[in-house]
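Those protein sequence lines, which keep their order, are chains C and V. Numbered according to my numbering, the first sequence spans residues 1 to 413. Numbered according to my numbering, the second sequence spans residues 414 to 826.
Derived from the structure by calculation, the hints contain no laboratory data. Hints are not guaranteed to be accurate.
In the DSS-like style, the derived pairs of lysine-lysine whose C-alpha atoms are separated by at most 30 Å in a straight line are [said to hold, decoys possible]: (1) C:Lys192 / V:Lys598; (2) V:Lys598 / C:Lys185; (3) C:Lys185 / V:Lys605; (4) C:Lys165 / C:Lys37.
2 protein chains.
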Amino acid sequence: MIDELGRRAGVASRILRTATAATKNAALELAADEVEKATDVILDANQEDMERARNEGVTGALLDRQLLNPERVSAMADGLRVVASLPDPVGSTTAGWVLPNGLKVERVRAPLGVVAVIYEARPNVTSDAGGLCLKAGNAALLRGSSFTLTSNMAIAAVMREALDKAGLPEDAIQVVEDTSREGAKELMTTRKYVDLLVPRGGPSLIAAMEAEATVPFVIDGAGNCHVYVDASADLARAEAIVLNSKTHRPGVCNAAETLLVHQAVADEFLPKVAGSLMAAGVELRGDETARNLVDGIDPATDDDWAKEYLDMVMAVRVVPSLEDAVAHVNRYGTGHTEAIVTDRIEAADQFVNGTDSGVVMVNASTRFTDGGEFGFGAEIGNSTQKLHVRGPMGLEALTSERYIVTGDGQVRQ
Amino acid sequence: MIDELGRRAGVASRILRTATAATKNAALELAADEVEKATDVILDANQEDMERARNEGVTGALLDRQLLNPERVSAMADGLRVVASLPDPVGSTTAGWVLPNGLKVERVRAPLGVVAVIYEARPNVTSDAGGLCLKAGNAALLRGSSFTLTSNMAIAAVMREALDKAGLPEDAIQVVEDTSREGAKELMTTRKYVDLLVPRGGPSLIAAMEAEATVPFVIDGAGNCHVYVDASADLARAEAIVLNSKTHRPGVCNAAETLLVHQAVADEFLPKVAGSLMAAGVELRGDETARNLVDGIDPATDDDWAKEYLDMVMAVRVVPSLEDAVAHVNRYGTGHTEAIVTDRIEAADQFVNGTDSGVVMVNASTRFTDGGEFGFGAEIGNSTQKLHVRGPMGLEALTSERYIVTGDGQVRQ
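Chain C extracted, bound-state conformation:
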């Protein structure tokens, strides 16, 4: 099954890699229009998925995120138009120099080839990921949840028709219909066909990837993000940053989970920020020093320091020094995003260089780790690994860089 899909994706990718931005943009615009025109068909398909999910006991937020309505279909179309409006990364020269022998070396962005995406029951990922892969010149293998297979197939069918009309291969976008665990494992181990796999799912998918995947992949891992308030911090600024990092959208990976406060400002800062956090509905779990300073903080265990709550809960620790804050982050962090609040250049440098996360914020909310905020226009995920790319992943993350060397007959002596 994967063999046939992979083979077709490979053929499509060889055509896509030389497609001009104009052709790809035309296909994306057309796909956006066709998705909107096909709203009824897509909603009918989604109704089937919703019924099946309900019958299998899916409820609440999980059920809601797989629901499509006219507004959500419209948002999918708008997403495709945004991708069409972005600059094409393919062909851009990222470095270039001339060697002493006259050879001109250029490092140039090129498509990866075939990009596979494994995702949860969110039908909009079908058009989002499909559109981003297409814009970067890649063929997409989209493997969503069984709960949204009918929706995903309907969306992909519309996009494939648009590709065909625009003169591009339909197989640039393919849905993997085998949504079994074995199917996922097959996709994770088919090096022959998959140039990059982007897993967009929870801890169990990430763990399976780390243990079993042999294809190249980029981990979009957990965000146990920290805010460290230094002795030198502007405390009003610190309070605003802590509150925003924790409460602006607590369920996402760039929300802060642990607050570290330098002991020199703990007496003054902690009662104030704890009051604001609690008033906003945040439950606090702290070390002994924090609990001695503020009433109503539960004791924190070692598990709390390591936990990505994704909820209105925050761990709090008072640290004797900046070095201790760095050591805490290096021990418990997941390499996603850390923030320091400080007025001192030296403290900022020490924190930035001592920690090893993909993004470090100096005097800003952790919530800014985001492709949209970074100006990438769209995001395929956020890398918490060190190879290939780190931090928010936009179109460039779906390309590789190769070398073009131009001479006039040079040979090696």
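Given the coordinates of chain C, work out where chain V should sit on it, guided by the hints.
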């Protein structure tokens, strides 16, 4: 075993990541001096390895490559001095911009952390790889061949002493003493400790990596490199490039293995180039058209098109068009290096964009795919994969890029 080495490497890497270039360079210079001073000790250790290898039946080129002599030890020291002289990639800003809200985003190079290298019986790799890892701020886990373990340990001991004298952690360079297959597998699957594994070995090591490795790695794979001579080629230039690509050093990965000739120039070009190649001692294996044009070419099978000879053998095929040349490369190539000889811009563009290899040469020998030639000063390998880096890998390939975002209190609205 790996647990303890990995843990120590991790501790060392956290110190190394903030070491200045001056400190790292001092350690490298000191290591170079100490390696030269310890020549006798290193040669004694190497004699033990040579005896063991001879007793186990190693002979010829394999035996020679594990031999050390005063000149080779001196070359190792000089290699360390070259690395000391190179610019430090750590801390360099590769991109930077200011967001509408005033946040300053910088993409900055940082060490990877712990880099493992699995290599064959070449003791010089111990100092070369150790030095490169150190310069890029990484701790190195060096796992060489059992045949050179004594040499590797002696070289590493000298370097560790130099590290200590320079005020850096000894564990920045560690030799993995377990040279068993199980030990290699353990190294390939210890995601907890290894940030990057660079396999420097033959096809069986690469195959094992692809099948079993779960740590991030960069494949330094086979080079089935092609030279395509277009209808528009300057034929004198083409002949020089073909000869150089094939015969300059036939045993290395950037040597050409297949010659593709456009049919429009085959009558004129093939007899000439075949004569020169044969005169240089190259055995040719060709398709029917080539064999009809030149006497003394053996028939080529499908295996020949796919083969990395690493020898004075070359496959020859006459192609009806540039598209057919591109299709041949995409079918049989390994993504290493291809070359086109042409005077036409359009032909060069078609070949560059149609093929998908890490390096494409236009009017130059395939032999230029090399870190030294590219101006990187030193090379840890050549990537034939698409993620992280492609082509020659210098110091930058041993770093990752992370984001530093600086604000003055920005929160998300």
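Each hint, compared with the structure:
1. Using a Cα cut-off of 30 Å, the hinted pair lysine 192 of chain C and lysine 598 of chain V holds, with the two alpha carbons roughly 22 Å apart.
2. Restraint check for lysine 598 of chain V and lysine 185 of chain C: satisfied, since their Cα atoms lie roughly 21 Å apart, inside the 30 Å limit.
3. About 22 Å separates the Cα atoms of lysine 185 of chain C and lysine 605 of chain V, which keeps this hinted pair within 30 Å; it holds.
4. Between lysine 165 of chain C and lysine 37 of chain C, the direct Cα distance comes to roughly 15 Å. Compliance with the 30 Å bound is thereby established for this hinted pair.
Violated hints are absent here; each numbered hint is respected by the structure.
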